[in-house]
Amino acid sequence: MLTSKRLILAHFWLAFIVFGVALLLGAWQMLVRSPLVPWISNPEWYYRSLTAHGTVMGYAFPTLIAMGFGYAISESALGQPLVGRRWAWLGFGLIVVGAVMALVPVALGLASVLYTFYPPMIGSPFYYIGVVLVVVGSWIWVALMSINLAIWKRANPGKPVPLAMFANVAGSYLWAWTAVGAALELLLQIIPVALELSSTIDAGLARVFFSWTLHAIVYFWLFPTYIAYYTIVPRAIGGKVYSDTMARIAFVLFLVVSMPIGIHHSFMDPEVGAGFKFLHSAFTALVALPTLITVFTICASVEIAARLRGGRGLFGWVTALPWSNPIMLAVAFSFVMLGFGGAGGLINMNYQFDATIHNTQWITGHFHLIFGGAIVIMYFAIAYDLWPHLTGRTLASLRLMRLQLWLWFIGMIVTTFPWHWVGILGMPRRMAYFDYTNPALAVDAFSVILSVIGGFILVVSGILFFVVLLRGQTAPQTDSGPYRFATAVHPPVTVPAALNGYALWVGLMIGLTITNYGYPIAQLALRPGTAVPAVYVGGQR
Amino acid sequence: MSPTPSPSSPQASPRADNWHTRAIGVTVLAFVVSAVVGFVALPLAQPDLKLKDVWDAICSAAGVASRPTAEKPIEPDFKVSSVVLTPDLLNLEDAQSIGRGATLAHQCAICHGPAGISRADSPNLTGQYASVVYKELKDFKTGARVNAVMTPFALVLSEQDMIDIAAYYAYLPRLPSPRADGTPPPRIVANGDPMRGIAPCGACHGELDNKRGSPRIDGQPAQYILSQLQAFASGERRNDISQQMRTIARQMTPSEMEAAARYYSGESR
Amino acid sequence: MTATSSSSSPGGGDHDGAELSARIERRWATLSVAIVVLFTAVAAFAGIHQAVMPQARVETINPTTLHLSGEFVESNLGSAVESDGSVTVRAIAQQYSFVPQCLVVPTDTPITIRATSPDVVHGLIIMGTNVNTMLVPGYISSLPMRFDRPGEHLMPCQEYCGVGHEGMWAKVKVIDKAAFHKLAADKRRLSCVDE
Chain A
2 MLTSKRLILA HFWLAFIVFG VALLLGAWQM LVRSPLVPWI SNPEWYYRSL
52 TAHGTVMGYA FPTLIAMGFG YAISESALGQ PLVGRRWAWL GFGLIVVGAV
102 MALVPVALGL ASVLYTFYPP MIGSPFYYIG VVLVVVGSWI WVALMSINLA
152 IWKRANPGKP VPLAMFANVA GSYLWAWTAV GAALELLLQI IPVALELSST
202 IDAGLARVFF SWTLHAIVYF WLFPTYIAYY TIVPRAIGGK VYSDTMARIA
252 FVLFLVVSMP IGIHHSFMDP EVGAGFKFLH SAFTALVALP TLITVFTICA
302 SVEIAARLRG GRGLFGWVTA LPWSNPIMLA VAFSFVMLGF GGAGGLINMN
352 YQFDATIHNT QWITGHFHLI FGGAIVIMYF AIAYDLWPHL TGRTLASLRL
402 MRLQLWLWFI GMIVTTFPWH WVGILGMPRR MAYFDYTNPA LAVDAFSVIL
452 SVIGGFILVV SGILFFVVLL RGQTAPQTDS GPYRFATAVH PPVTVPAALN
502 GYALWVGLMI GLTITNYGYP IAQLALRPGT AVPAVYVGGQ R
Chain B
-14 MSPTPSPSSP QASPRADNWH TRAIGVTVLA FVVSAVVGFV ALPLAQPDLK
36 LKDVWDAICS AAGVASRPTA EKPIEPDFKV SSVVLTPDLL NLEDAQSIGR
86 GATLAHQCAI CHGPAGISRA DSPNLTGQYA SVVYKELKDF KTGARVNAVM
136 TPFALVLSEQ DMIDIAAYYA YLPRLPSPRA DGTPPPRIVA NGDPMRGIAP
186 CGACHGELDN KRGSPRIDGQ PAQYILSQLQ AFASGERRND ISQQMRTIAR
236 QMTPSEMEAA ARYYSGESR
Chain C
618 MTATSSSSSP GGGDHDGAEL SARIERRWAT LSVAIVVLFT AVAAFAGIHQ
668 AVMPQARVET INPTTLHLSG EFVESNLGSA VESDGSVTVR AIAQQYSFVP
718 QCLVVPTDTP ITIRATSPDV VHGLIIMGTN VNTMLVPGYI SSLPMRFDRP
768 GEHLMPCQEY CGVGHEGMWA KVKVIDKAAF HKLAADKRRL SCVDE
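Residue numbers (the working numbering), protein chains in the order written: chain A, 2 to 542; chain B, -14 to 254; chain C, 618 to 812.
If you're looking for bench data, these hints aren't it; they were derived computationally from the structure. Some hints could be false.
[Stated by the list, open to error] For lysine-lysine, the following BS3-like pairs were computed, each having C-alpha atoms within a straight-line distance of at most 30 Å:
(1) K804(C) <-> K794(C)
(2) K804(C) <-> K57(B)
(3) K799(C) <-> K57(B)
(4) K35(B) <-> K794(C)
(5) K57(B) <-> K37(B)
(6) K6(A) <-> K160(A)
(7) K57(B) <-> K35(B)
(8) K790(C) <-> K57(B)
(9) K804(C) <-> K790(C)
(10) K804(C) <-> K64(B)
(11) K6(A) <-> K154(A)
(12) K57(B) <-> K794(C)
Everything numeric in this text was worked out from a predicted model, so none of it was measured.
Please build the complete structure, drawing on both the sequences and the hints.
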């Protein structure tokens, strides 16, 4: 039962439009720093573009997808119209205003600080305030998800919360708490300095605050993808979820262990003690658990579909899968990229390995493979799956969809594998150009060119994605029926209270945040004499 | 949003307790084991750390900060710039300061021109960043920068005099670009040379961004720019804080210095 | 890992199927936990055997006065031979250069690099090695290193530090231990910026 179709479509359209722009910027960046073109005459343009690319892809795009998908889940999984639709529009409006407010100074070159902010560099205050508005808009969504679930629970006492909604609300709580780190950094540290109310800032403290957000935000990006794995994929390919309970456990585990691990981004930092680095490293290993559970459960669910379609043999069932179905293709690609990306992640979580690749192109390759690859390809799948229910028109061009997904998969592999390689060779990140005539960098030239080609394949795939959606607009009106989610092999009759609510898990999430972040933050905040003068960028030209 | 055990299912309550106990127990166990390994076992296993006891191990692993206690450093055998550049260095909103600066600047006009535009290959000071004028005056006064003409002038200036003069020149309009035809910059100016550690000039000197204390050099006389680059390269001029400019100038070839000087002065080649 | 028999009656919901799938799940969960424990143990083991460990102590310093006093004054930068025969290299990273821009170090010698930043966040990586650290204003980064072979490495800034970031590259020259000590006999702080 989708009643807020315009609201949901608005979120998805805005998400994909800003994604399209940022995709073009990304491809342009890859080209200008490659050996294929002469050095850019104004390096500032590169960092401007990089800031815009990161800000859109990190804050605006996935947040809008999670919100739009979240509203769709709330209505269709709970079977009740969205409560607070006007508030939802307000949240959407805040994101639009915030995104414009943030991106105008970026476009003018007044905030080339990258989406990771990097104080004591300080850009235009409008950039940071815009980002805050985007986050505040998304917090309205968090509140609405919580309220809608509470209303449903009151009407359905003791009933298991549908898996899709259970995961959706878990994701919203994760985001609410995750965003607090960056919010504290922005509100307490950066914005006062950007407004020139203060002229010094503790860069070490800012880095720790940001690490609070920077890792768990990845799991927030991941939530729509995992929800799609569990609740769209089995239904779309004619199977069932292997285990509803394991799915719930995976989602609550994300809630608990996504947070207390962010300092692995600060392994190489001088302001954090070695003990906390190890602590966060150990918990980073734990965050592999929900993914390992998911890999198992989804593979089993897919196998169920294959066997229902007559698949046989230990591995022979793979051929019985509906490979012409874009959702099947998307999940397969997503898993392959998740596998490689996850393996890379296991390397990053180790201090000893990380020392070799920290802040090299390896890291760029890693998170593009996970986010741009495994996660975003499922965003496409979600859009393909949901679109007919939102527009009332079928997306008929299955061939085009398959081509688009293939190109995205190939493009992502061709882009990110060479990135990993040059990272191992020590090529640093975020530079507007490189001197490939130097022997130590000449070995990177071929790989960098491959990445550029990958980037252009991705652009073609992105264009095809829009073609598919726009062609859908011209299809005749049909009734796609209600939007449904996959059911489990053994649908839950009762669910343990702990897996039907969040108190325990949110409690553990906050508790672990306090144990793993409390002391470092308190110590940095109280340490005298580490506030350093702000370096204003772009202001004094 | 609390998972209150539903009254309709009598088993819910003990089950819920079970989940709570196990989840909290496992979490606490994971935390304690990781903490013991990270804060006690790993530090103690490193003999190089010279830890006094377990408490010292925990403190070092927790990141309790210390100030460096290295042996006495080798002090420079020349005068370094004593200026500490911060955003609070100069407050320019003061009209009185600008007025006083205008009066004081009469003595500068012989070389730097009555409106801060020189006709004698001295630097043009009109529209220069205040922090730059202040820093150079201060460096002349302390002897970090030496010049037969400037040093005597600077020696008699008070702290407030230097602030006023800086405020005055910053208040004057900036020089128009000396390249009306929009001549593209030579490569050394636009891109520097990464492998020699040379960043684009404009990253500090104003076209791309301004680094605090770095002068605007667009429109300065070619002879002045060139002589300063040479002085930095040879080490004759050493008032750049922590060798920022000496590091770069040392790496520049004579022809690159000339190309940069010509470009910024607007002289045609 | 293949869930064979439970999927033969997928929609059934029969008691045996549920039991079986729960058992398989438990096995997989156990294996997953084992994988996680193994990875953590590898990290701890590598730490104990000192492959490379995070900086053990946090040290602070006032970034605005580095040029006035203390160990990062310009005349104290570069490589210094310590009384125990080890070498300490001091450097600063500022917008947009390393000082010294060329570091010279000996082979087969325990070396400690100490570096910091007077302005914004920088980083350094010695390419072809695992020497890699962030440089945060207000803090001193200190890490051990050792080179087996003579050679030359590039040392770029690995963190975005402003629009001149792409120009921030330094060099590390590793020279034979004997040759290094010969140079060190004449000069108390060594670098290769004048070569």
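Hints and how they fare:
no. : hint                : in the structure
1   : K804(C) <-> K794(C) : 15 Å, holds
2   : K804(C) <-> K57(B)  : 16 Å, holds
3   : K799(C) <-> K57(B)  : 23 Å, holds
4   : K35(B) <-> K794(C)  : 27 Å, holds
5   : K57(B) <-> K37(B)   : 24 Å, holds
6   : K6(A) <-> K160(A)   : 27 Å, holds
7   : K57(B) <-> K35(B)   : 21 Å, holds
8   : K790(C) <-> K57(B)  : 26 Å, holds
9   : K804(C) <-> K790(C) : 17 Å, holds
10  : K804(C) <-> K64(B)  : 20 Å, holds
11  : K6(A) <-> K154(A)   : 23 Å, holds
12  : K57(B) <-> K794(C)  : 25 Å, holds
Hint check: no violations occur; every hint is consistent with the structure.
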